[in-house]
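Enquirer: Protein chains in written order, with the numbering used here: chain A, 2 to 295; chain B, 86 to 376.
If you are wondering where the hints come from, they were derived from the structure by calculation, not from laboratory data. By construction, the Cβ of each residue, glycine as well, lies at the ideal position given by its N, Cα and C atoms. A portion of the hints provided could be inaccurate.
[Claimed, not checked] Only some residues are given here: those of chain B computed to face chain A with a beta carbon under 7 Å:
#	residue
1	H101
2	G111
3	D116
4	A120
5	V122
6	A354
7	V372
[Stated by the list, open to error] Simulated coverage check for chain A against chain B, where a stretch passes if three residues somewhere in it have a Cβ under 8 Å from a Cβ of chain B:
#	region
8	3-11
9	169-182
10	225-231
11	260-272
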Amino acid sequence: MAAISMRLPVARKAVVPSAPRGAEKHLVAPGDTITTDTGYMRGHGTYVEEEKLIASVAGVVERVNKLVCVQALKTRYNGEVGDIVVGRITEVQQKRWKVETNSRLDSVLLLSSMNLPGGELRRRSAEDELAMRDYLQEGDLISAEVQSIFSDGALSLHTRSLKYGKLGQGVLVQVSPSLVKRQKTHFHNLPCGASVILGNNGFIWIYPTPEQKEEEAGGFTTNLEPVPLSDREVISRLRNCIVALVTQKLMLFDTSILYCYEASLPHQIKDILKPEVMEEIVLETRQRLLDLEG
Amino acid sequence: MASVVLSEAEKVYIVHGVQEDLRVDGRGCEDYRCAEVETDVVSNTSGSARVKLGHTDILVGVKAEMGTPKLEKPDEGYLEFFVDCSANATPEFEGRGGEELGTEIANTLYRVFSSESSIDLKSLCINPRDHCWILYVDVLLLECGGNLFDAISIAVKAALFNTRIPKVRVLEDEEGSKEIELSDDPYDCIRLNVDDVPCIVTLSKIGYRHVVDATLQEEACSLASLLISVTSKGALTSMKKMGRGSLDPESIFEMMETGKRVGKSLHIALQKILDEEESLGTSRQKVGFLG
Chain A
2 MAAISMRLPV
12 ARKAVVPSAP
22 RGAEKHLVAP
32 GDTITTDTGY
42 MRGHGTYVEE
52 EKLIASVAGV
62 VERVNKLVCV
72 QALKTRYNGE
82 VGDIVVGRIT
92 EVQQKRWKVE
102 TNSRLDSVLL
112 LSSMNLPGGE
122 LRRRSAEDEL
132 AMRDYLQEGD
142 LISAEVQSIF
152 SDGALSLHTR
162 SLKYGKLGQG
172 VLVQVSPSLV
182 KRQKTHFHNL
192 PCGASVILGN
202 NGFIWIYPTP
212 EQKEEEAGGF
222 TTNLEPVPLS
232 DREVISRLRN
242 CIVALVTQKL
252 MLFDTSILYC
262 YEASLPHQIK
272 DILKPEVMEE
282 IVLETRQRLL
292 DLEG
Chain B
86 MASVVLSEAE
96 KVYIVHGVQE
106 DLRVDGRGCE
116 DYRCAEVETD
126 VVSNTSGSAR
136 VKLGHTDILV
146 GVKAEMGTPK
156 LEKPDEGYLE
166 FFVDCSANAT
176 PEFEGRGGEE
186 LGTEIANTLY
196 RVFSSESSID
206 LKSLCINPRD
216 HCWILYVDVL
226 LLECGGNLFD
236 AISIAVKAAL
246 FNTRIPKVRV
256 LEDEEGSKEI
266 ELSDDPYDCI
276 RLNVDDVPCI
286 VTLSKIGYRH
296 VVDATLQEEA
306 CSLASLLISV
316 TSKGALTSMK
326 KMGRGSLDPE
336 SIFEMMETGK
346 RVGKSLHIAL
356 QKILDEEESL
366 GTSRQKVGFL
376 G
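From just these sequences and the hints, can you work out the full model?
Expert: Structure below.
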């Protein structure tokens with residue numbers, strides 16, 4: 002039985018800002034003057050013209066002592082050392098892989114920064130170089146940590162822990178990096194029955210919770226068995242909830258995703274993406290988050 | 086066609102999901118994504134429509150111009166299709182990258198509308214063998230999010246519904262030469278009857294089942310798909326197989342049946358929204374591109 006819903010487009014309504022906490026946020030558009038005071042140092046997203054500090058991106062003004070910078074809402078991922086990222090392999094080169102992480106340049110995963118199967122610690126030989134494609138191919142997804150940043154701005158990744166490595170079955174959602182909140186841990190096993198990796202680069206990976214720890218492989222043999230239907234429903238619902246939160250520009254962290262999931266339970270999974278249902282769910286989530294803080 | 090790269094495990098997940106009738110976004114195999122349709126968005130055309138189907142964004146403009154009829158059909162007007170794959174949609178369409186896809190879509194549209202009953206071309210004739218209306222249908226691909234053909238056919242039908250062709254009168258001179266007079270009233274125009282205009286339904290074969298309205302990820306998992314054009318009464322006007330995989334004759338029959346069923350519901354939903362938009366008249370708030 003086919004379900005087709007067509008609608009007329011509706012102009013976006015401005016969201017009523019929630020109760021102001023602390024200072025009002027200073028929002029700027031490209032070309033707006035931030036300040037005419039010359040005592041400030043200019044940071045990212047600003048430039049100086051005729052003794053005025055002007056914004057070059059659209060976002061929120063952040064002021065730290067004398068440093069003024071503008072945090073853009075929609076931007077490429079700017080990596081920091083220690084960030085968790087989810088990336089897709091684009092190229093297999095001589096001693097390294099090129100990984101796409103939604104940044105300005107493709108990130109690099111060196112062969113020496115990758116865990117060998119079995120967890121052995123040995124020098125990488127020529128055979129390892131030739132067998133690179135057996136580990137990771139073009140199109141594979143990996144979770145990794147940023148080890149360092151090259152001088153041109155490209156990130157160097159490493160998977161030197163058993164929790165990182167090739168990702169198996171699941172769903173990838175791509176969002177803007179500025180919507181992922183910086184937290185202590187980015188690997189969450191949600192109580193609703195699925196696990197989620199919130200990559201700092203905006204790639205969110207939702208996958209079924211593995212039953213028991215598989216220590217031997219370190220993440221190289223992927224489990225291709227069919228995922229049970231109950232797990233699939235949870236994953237689809239989480240995916241739609243994340244898309245709803247992103248459309249309404251809410252920060253993504255484990256609590257907001259969980260509240261959104263609970264608010265969406267009365268609706269059918271495919272209905273969550275309808276604009277009116279999305280607004281209702283996100284409003285309820287926003288309310289619960291405010292109650293949590295207050 | 087724009088495509089995404091997926092890992093093997095992701096493809097396996099999608100294929101298993103389709104077998105159990107639960108796709109990644111929770112839809113069933115025969116469900117469409119939420120579609121937004123708006124007509125009369127471009128002011129200097131005779132008719133226009135914009136359709137947003139998930140991440141796919143299509144803009145269609147119809148311009149009516151006077152010209153000479155084709156030699157083999159002297160008492161009919163005709164339609165000309167042109168598809169422009171804008172580089173905004175995906176970086177692959179930069180420069181001449183989108184030309185191949187554009188000609189493929191245009192040829193499909195010609196085939197779909199080649200049937201005599203789809204649109205009444207005789208109403209487009211002004212003077213047999215001398216003058217007729219030519220409808221130039223221009224399709225612009227703004228964003229590519231999977232399922233291009235369906236979205237384009239919905240937009241073309243909506244734009245044709247919205248098309249207003251000015252009424253002309255033919256005056257006979259004493260010497261026998263004919264003059265064409267355009268009526269002064271801008272609201273005095275003829276509308277096209279789009280009841281029999283077909284819509285395209287693309288059925289992509291994934292694993293052992295087929296899905297309607299595939300996203301880019303699902304298209305990457307499907308090796309073969311069937312494109313059928315269905316009228317509102319459920320009649321099939323054309324069929325085309327795409328992709329490098331093969332299709333079993335039995336599955337082709339099943340896909341045709343699904344396509345006819347889904348096509349009829351598609352027409353009902355589209356007509357309902359077009360009538361609703363028409364009934365709002367001038368009180369409708371135009372959203373356009375900056376909403």
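Enquirer: Within the region 225-231 of chain A, is the number of residues with a Cβ closer than 8 Å to a Cβ of chain B three or more?
Expert: That given contact holds, which follows from 4 residues of the region 225-231 of chain A lying within Cβ reach (below 8 Å) of chain B.
Enquirer: Are three or more residues of the region 169-182 of chain A within 8 Å, CB to CB, of chain B?
Expert: As far as the region 169-182 of chain A goes, the hint holds, because 5 residues have Cβ atoms under 8 Å from chain B.
Enquirer: May I ask you to test the interface hint for B:A354 with respect to chain A, counting a Cβ-Cβ separation under 7 Å as satisfied?
Expert: 5 Å, holds
Enquirer: With 7 Å as the cut and Cβ atoms as the points, is B:H101 at the interface with chain A?
Expert: 4 Å, holds
Enquirer: Can B:A120 be said to touch chain A, with a Cβ gap under 7 Å?
Expert: Because about 5 Å separates B:A120 from the closest Cβ in chain A, which is inside the 7 Å limit, the hint holds.
Enquirer: Using the nearest Cβ pair, does B:G111 come within less than 7 Å of chain A?
Expert: 3 Å, holds
Enquirer: Go check the region 260-272 of chain A versus chain B for me, would you? Three or more residues, Cβ under 8 Å, otherwise it fails.
Expert: The restraint on the region 260-272 of chain A holds, since 3 of its residues have a Cβ under 8 Å from chain B and three suffice.
Enquirer: Quick check on B:V372 please, does its C-beta sit within 7 Å of some C-beta on chain A?
Expert: This interface hint holds because 4 Å falls under the 7 Å limit.
Enquirer: Hey, does the B:D116 contact hint survive, CB to chain A under 7 Å?
Expert: 5 Å, holds
Enquirer: Holds or violated: is the Cβ of B:V122 closer than 7 Å to a Cβ in chain A?
Expert: 6 Å, holds
Enquirer: For the region 3-11 of chain A, does the count of residues with a C-beta closer than 8 Å to a C-beta of chain B reach 3?
Expert: holds (count 9)
Violation of the numbered hints given earlier is absent; every hint is satisfied by the structure.
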